[in-house]
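Going line by line, the protein sequences match chains E and Z.
Here the working numbering = 1-based position in the first sequence + 259.
Here the working numbering = 1-based position in the second sequence + 12.
Do not take every clue at face value.
Claimed, not checked - Per the computed footprint, the stretches of chain E lying under chain Z, defined by three or more beta-carbons under 8 Å from a beta-carbon of chain Z, are:
1) 269-279
2) 282-294
3) 316-330
4) 336-344
5) 347-354
To be verified - Straight-line alpha carbon distances no greater than 25 Å define the calculated DSS-like cross-link-like pairs of lysine-lysine that follow:
6) Z/100 to E/313
7) E/313 to Z/40
8) E/261 to E/313
9) Z/101 to Z/40
10) Z/71 to Z/61
11) Z/187 to Z/100
Keep in mind that the hints were calculated from the coordinates and are not lab data.
No residue lacks a Cβ here, since even glycine has one placed at the ideal position from N, Cα and C.
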Amino acid sequence: MKGICIILGCWLAGNILSEVIGGYISGNIIGMLLLFILLCLGVVRGETVRQPAKFLLGTMALFFVPFGVGIIDSYSVILDNAVAIVVAVCVSTFAVIATVGYIFQLLNRRGKNG
Amino acid sequence: MGSIISSELFLLTLTIALFLLSGWIFRKTHFMLFHPVLLTALAVIVFLKLTGIEYPHYKESVRMLDFTLGMSVVALGYLMYEQVEHLKKATLPVIVATLAGCFVGIASVVAIAVAFGVDRDIITSIAPKSVTVPIAIAISEPRGGVVAVTSVVVFCTGVLGSICGTKILDLIRVKDPMARGFALGAASHGIGTSRAIELGAVEGAMSGLAMALTGFATALLLPLVERYLY
Chain E
260 MKGICIILGC
270 WLAGNILSEV
280 IGGYISGNII
290 GMLLLFILLC
300 LGVVRGETVR
310 QPAKFLLGTM
320 ALFFVPFGVG
330 IIDSYSVILD
340 NAVAIVVAVC
350 VSTFAVIATV
360 GYIFQLLNRR
370 GKNG
Chain Z
13 MGSIISSELF
23 LLTLTIALFL
33 LSGWIFRKTH
43 FMLFHPVLLT
53 ALAVIVFLKL
63 TGIEYPHYKE
73 SVRMLDFTLG
83 MSVVALGYLM
93 YEQVEHLKKA
103 TLPVIVATLA
113 GCFVGIASVV
123 AIAVAFGVDR
133 DIITSIAPKS
143 VTVPIAIAIS
153 EPRGGVVAVT
163 SVVVFCTGVL
173 GSICGTKILD
183 LIRVKDPMAR
193 GFALGAASHG
203 IGTSRAIELG
213 AVEGAMSGLA
223 MALTGFATAL
233 LLPLVERYLY
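Please model the entire structure based on the sequences and the hints provided.
So this is what it looks like as C-alpha cells:
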C-alpha cells in the first residue's frame, strides 16, 4: 500500500510540475523520473515500491488493450497512409538498431581499453 | 441482459479474462502474431461488432485501465533504478547511444512521413514508435496524435525489431552482448526486451534500461522535433 501511495505521489508531483512547465512533458513521465531520483537518493527504498512496480510492469500489456481496440474507429487512417507508415517503420527501426548497436559497441570497447 | 453486457463491470471483466486467455494461447504457441495484446484487442473488436456496442462506450467503461497505464509509466522509474549498476558501468555509451538512437528514430520517421505527404497528426502518432506503448501514448495523445495508430505502430515496431534485430546486429558485426541488448531495447521497447531476455541476462538487463531511457529521451526530444522539423 505504501508503495502504491509513493507511485501515485510521484505521478501527482509530476502532473504539478508538468503544469508548471506548460505541459512540455506529460506528468507521468516526469513522475517516472521523480521515482527514479528518489530511489537513487535512497529517500525511497527499493523494497517499498518493488511489489506494486513489478505488478504494474508485468501487467502493463493489458492496460493498452483498449487503445488497440481503438483501431476499430481509426483503421481507415492507417489504410490511407499504409505505404508511408510501413516504409517509415521498417527503415527507422533498422536504422535505430544499427546506430545504437554500433555506437554502443564502439564506445564500450574504447572505455574498456582506455 | 443487454444492460449487463454493456455495463462497466462486464466489459472490464471480459477484457481481463480475454487477456488471460490470450496469454495462455501465446505461451502455448510462442507465435509472435498471437501476442496477447493483439489477440485480446481482436477478440474485443469482434465482441463489440457482434453486440453493437460503440467504441467510445467501451473505452469509457474500461477507463480504469487508462489509470493503471498511467501508474505503470511511473513504475518504469523503478525498472530504471534496478539497472542503475549497468548505467554506472557504461555511462558514456549508454547516454550517447540513447540520444543517437532516439534522434535517428524520430528524425527518420518524420522525414519519411513528410516525404510521403502524411498528415501532421499521423506523423505525431507514429513518431514515438520505438518507445514503450504507455510512454508513446503519453507523448502522442496530448499533441493530437491518434492513439490507436500509435499503439498499432508501436506494436509492429516491437515485433519487427525483435524478429530482425539480431540479424541486423550480426550483419554489422555488433558482438558485444551489452550493445546487442541495448540496441534491441532502444529500437523495440518491451517486445524487443523479451527477445533480449531470451539471449541472456546481460542482454535483457541492458534492453530494459534502454527501453526506459529511450522513452524518457523521446519525451524530451519529440516536442523539439515537432517545433522545428514538421
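Do the hints match the structure? See the list:
no. : hint           : result
1   : 269-279        : holds (count 3)
2   : 282-294        : holds (count 11)
3   : 316-330        : holds (count 14)
4   : 336-344        : holds (count 6)
5   : 347-354        : holds (count 8)
6   : Z/100 to E/313 : 23 Å, holds
7   : E/313 to Z/40  : 23 Å, holds
8   : E/261 to E/313 : 14 Å, holds
9   : Z/101 to Z/40  : 38 Å, violated
10  : Z/71 to Z/61   : 14 Å, holds
11  : Z/187 to Z/100 : 21 Å, holds
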